[in-house]
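Note that the protein sequences, when read in sequence, are chains A and B. Mapping of the first sequence onto my numbering: position 143 corresponds to residue 143, and the numbering continues sequentially without gaps. Mapping of the second sequence onto my numbering: position 11 corresponds to residue 1011, and the numbering continues sequentially without gaps.
To be clear, the hints were calculated from the coordinates, so they are not data collected in a lab. Computed from a prediction, not measured in an experiment: that's the story for all the values here. Idealized CB from N, CA, C, for every residue including glycine. A hint or two may mislead.
What the hints assert, rightly or not - Distance ranges between label pairs, derived from CB positions:
#: 1; chain 1: A; residue 1: Phe132; chain 2: B; residue 2: Ser1064; range: 33 to 43 Å
#: 2; chain 1: A; residue 1: Phe132; chain 2: B; residue 2: Phe1039; range: 16 to 26 Å
#: 3; chain 1: B; residue 1: Gly1101; chain 2: A; residue 2: Phe120; range: 22 to 32 Å
#: 4; chain 1: B; residue 1: Asn1034; chain 2: A; residue 2: Ile42; range: 40 to 50 Å
#: 5; chain 1: B; residue 1: Ser1142; chain 2: A; residue 2: Leu323; range: 39 to 49 Å
#: 6; chain 1: A; residue 1: Thr162; chain 2: B; residue 2: Asp1097; range: 46 to 56 Å
#: 7; chain 1: A; residue 1: Phe132; chain 2: B; residue 2: Ser1033; range: 53 to 63 Å
#: 8; chain 1: A; residue 1: Leu140; chain 2: B; residue 2: Phe1039; range: 32 to 42 Å
#: 9; chain 1: B; residue 1: Phe1039; chain 2: A; residue 2: Gly59; range: 12 to 22 Å
#: 10; chain 1: B; residue 1: Phe1039; chain 2: A; residue 2: Arg130; range: 32 to 42 Å
#: 11; chain 1: A; residue 1: Arg128; chain 2: B; residue 2: Thr1041; range: 12 to 22 Å
#: 12; chain 1: A; residue 1: Leu140; chain 2: B; residue 2: Asn1162; range: 32 to 42 Å
#: 13; chain 1: B; residue 1: Gly1139; chain 2: A; residue 2: Phe120; range: 17 to 27 Å
#: 14; chain 1: B; residue 1: Asn1232; chain 2: A; residue 2: Phe132; range: 21 to 31 Å
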Amino acid sequence: MKVPKSLQVDEIKESPSPPNDSEVRINPVVRRNRVDQVYRSIAAVSGSFVFLVMALIGGFLLFRGIDALRLSGWGFITESQWAPDMGGAFGIASLLPYTFSIAFVALFIAVPVSIATALFITEYAPRRIRRFLTATIDLLAAVPSLIYGLWGLFYLQPRIITLSKWLADNLGFVPFFKVNDDFGTSLGVFPSSTFVAGVIVSLMVIPICTSVMREVFGQAPPGEREGAMALGGTRWGVVRDVVLPFGQGGIIGGSMLGLGRALGETIAVTLIISPSFDAKWSIVEQGSNSIAALIALKFSESTETGISALMAAGLALFIITLLVNTAASSVVNRSRSGSATEI
Amino acid sequence: MTSIDITSTDPTTMSSDISLLDPGHKAAGLTASNVACWFGTKKVLEGVNLDMAPGQVTALIGPSGCGKSTFLRTLNRMHELVPSATLAGEILIDGVDIYRGAIPVTDVRRRIGMVFQKPNPFPAMTVAENVLAGLKLSGLKSTRSERDDLIESCLSKAGLWNEVKNRLGDPGRALSGGQQQRLCIARSLAVSPQVLLMDEPCSALDPTSTRRIEQTISEISETITVVIVTHNMQQAQRVSHRCAFFLAAENEPGRIIEEGPTKDIFTNPHDSRTNDYVNGRFG
Ligand SMILES: Nc1ncnc2c1ncn2[C@@H]1O[C@H](COP(=O)(O)OP(=O)(O)OP(=O)(O)O)[C@@H](O)[C@H]1O
Ligand SMILES: [Mg+2]
């Protein structure tokens, strides 16, 4: 309670605060009942279990990778080659850009598709088919990535490289779509590229992004929706002025969760790409790479140093995805608790 | 009595037959005939007939749960936004049915505006943008000076201009509850409605804001037909020309028990239940 200054002084003078019993502050005691206690401990144990596993994984990767890191020093970040087995140099300087390029291609496709899908489900689809659509999208997430990889390799790739060629022919002035081919662009230079891998990965990312966005869009305050409708708003008007501003956090968070997934995608990428260690701008030209794919490809044929180097690469991937996912969930959470507050 | 199919989707094309910024528009009359409403299989309103004459303020009164809000929401097609909600009967604006496709639903809602019990300004928009939201929402073009005029005139009509003229760029949610409600009224006025529906607009407000809004209602009622739901008998007497008393017997749908000039309803009601209600003896 705020008391005017003059009053405060007077009061202190008049009553020199005797150590009254009622002024001894209470430390509130909460006596939980047994059921509560049991649940509490179960929750606490499982909560700390997650942290324990994370710490164990991180610790393990560091422990196994430290030899390689000592060997390479800063070269681990600046070196493009990967030849630890022959005693050569190795580093993630080309792997990182490739890994991120594949992920960004995937997001470039997945984010708009997910926003549109989520909006369709929450705003446009008749109630009857809403649940069906949601279930179908979630089912996409349940398809093993090996299947996506096989399908991508044998079905999608031969078709999608026509698009790659079109991009190279028509937008070749953009560095991303440029192809170094002295004989004009033949279809042969387009398979196994960052672009093809990114397209496949986008299919795996879409369900994750969509379900996060759908959930956040669905929480747009009904009062605001009705307010917009009552002004004669069209459905698109409601989406633009109520749902999207409210769902911003969900869009960003969902995209970042998708990014985390895309960065770590292994088997489909491994199947599609042909490994390259020269980072390049072009995403449509043959040759790409990713940390996860490299580990999968090299693991069985590596010597002790090679394994240690792969562990170090794994550690890098682990840290990156951890950061991305943490950032993502904090954005999603903030959007939920923040913009949903009542007046 | 046949149920109306209200599952048809909103038309995306807008017919802008009335110019928004044209002050020459007139208040419109609303007529409800034989309206019944259901939520799922539960019938909550039955046989409602009510004439809401142009330029008049009609108050809907009655105990909680008797279907006042439901009825109000049928008047601008907000009722159908509730899944499972259905209705029967006819609602006419100036003699034209609003449910059977003669007028696009977005036009219906623009011509028949609504102010809700809980203030619901758009939090992501500034005060000025909130006023103009209706134009943007229905895709109407306007020039800069038209917009500036509209902001000032609507905020003035809602009795808010003096308080916010220096904070037009503040977010809508930075205003107090009473100010937010007046902002919502200004927002509704900006699309030049012919009818304004108000569902207990003052129930969350202090007496001063309440008086302010009642004053606004009296001022706008010359050009806009007002239908207001209120639990405050004094308010009904102060602002309304006519009054309709709703009542739902136990496990029965609500109906209009009595309807007429406000003075008669309060001083000389025909039905004893009306008399009991307006004198605070039940409900
Ligand atoms: N969304 C809904 N789903 C099912 N029943 C509903 C729904 N909304 C209202 N009802 C029911 O319809 C009846 C009328 O409700 P309505 O909100 O119109 O009452 P009201 O007269 O506005 O009451 P109040 O004065 O408390 O606002 C009530 O019995 C209520 O339980
Ligand atoms: Mg109500």
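These are the hints, each one checked on the structure:
Between phenylalanine 132(A) and serine 1064(B) the beta carbon distance is about 38 Å. The supplied range of 33 to 43 Å therefore holds. Distance hint check: the CB atoms of phenylalanine 132(A) and phenylalanine 1039(B) are about 25 Å apart, consistent with the given range 16 to 26 Å. With their beta carbons about 25 Å apart, glycine 1101(B) and phenylalanine 120(A) fall inside the hinted range of 22 to 32 Å. In this structure, asparagine 1034(B) and isoleucine 42(A) break the distance hint of 40 to 50 Å, their C-beta atoms being roughly 59 Å apart.
Under the hint 39 to 49 Å, the C-beta atoms of serine 1142(B) and leucine 323(A), about 46 Å apart, fit the expected range. Distance hint for threonine 162(A) and aspartate 1097(B): a CB-CB separation of about 54 Å, consistent with the stated range 46 to 56 Å. One distance hint, 53 to 63 Å for the beta-carbon pair phenylalanine 132(A) and serine 1033(B), is violated here, with the actual separation near 39 Å. Checked against the hint of 32 to 42 Å, the pair leucine 140(A) and phenylalanine 1039(B) passes, with Cβ atoms roughly 36 Å apart.
A hinted range of 12 to 22 Å is violated for the C-beta pair phenylalanine 1039(B) and glycine 59(A), which are about 58 Å apart. Judged by the Cβ atoms, the range 32 to 42 Å given for phenylalanine 1039(B) and arginine 130(A) is violated: they are separated by roughly 20 Å. Checked against the hint of 12 to 22 Å, the pair arginine 128(A) and threonine 1041(B) passes, with Cβ atoms roughly 18 Å apart. Restraint check, leucine 140(A) to asparagine 1162(B): a C-beta distance of roughly 56 Å breaks the suggested window 32 to 42 Å.
Distance hint check: the CB atoms of glycine 1139(B) and phenylalanine 120(A) are about 20 Å apart, consistent with the given range 17 to 27 Å. Under the hint 21 to 31 Å, the C-beta atoms of asparagine 1232(B) and phenylalanine 132(A), about 47 Å apart, miss the expected range.
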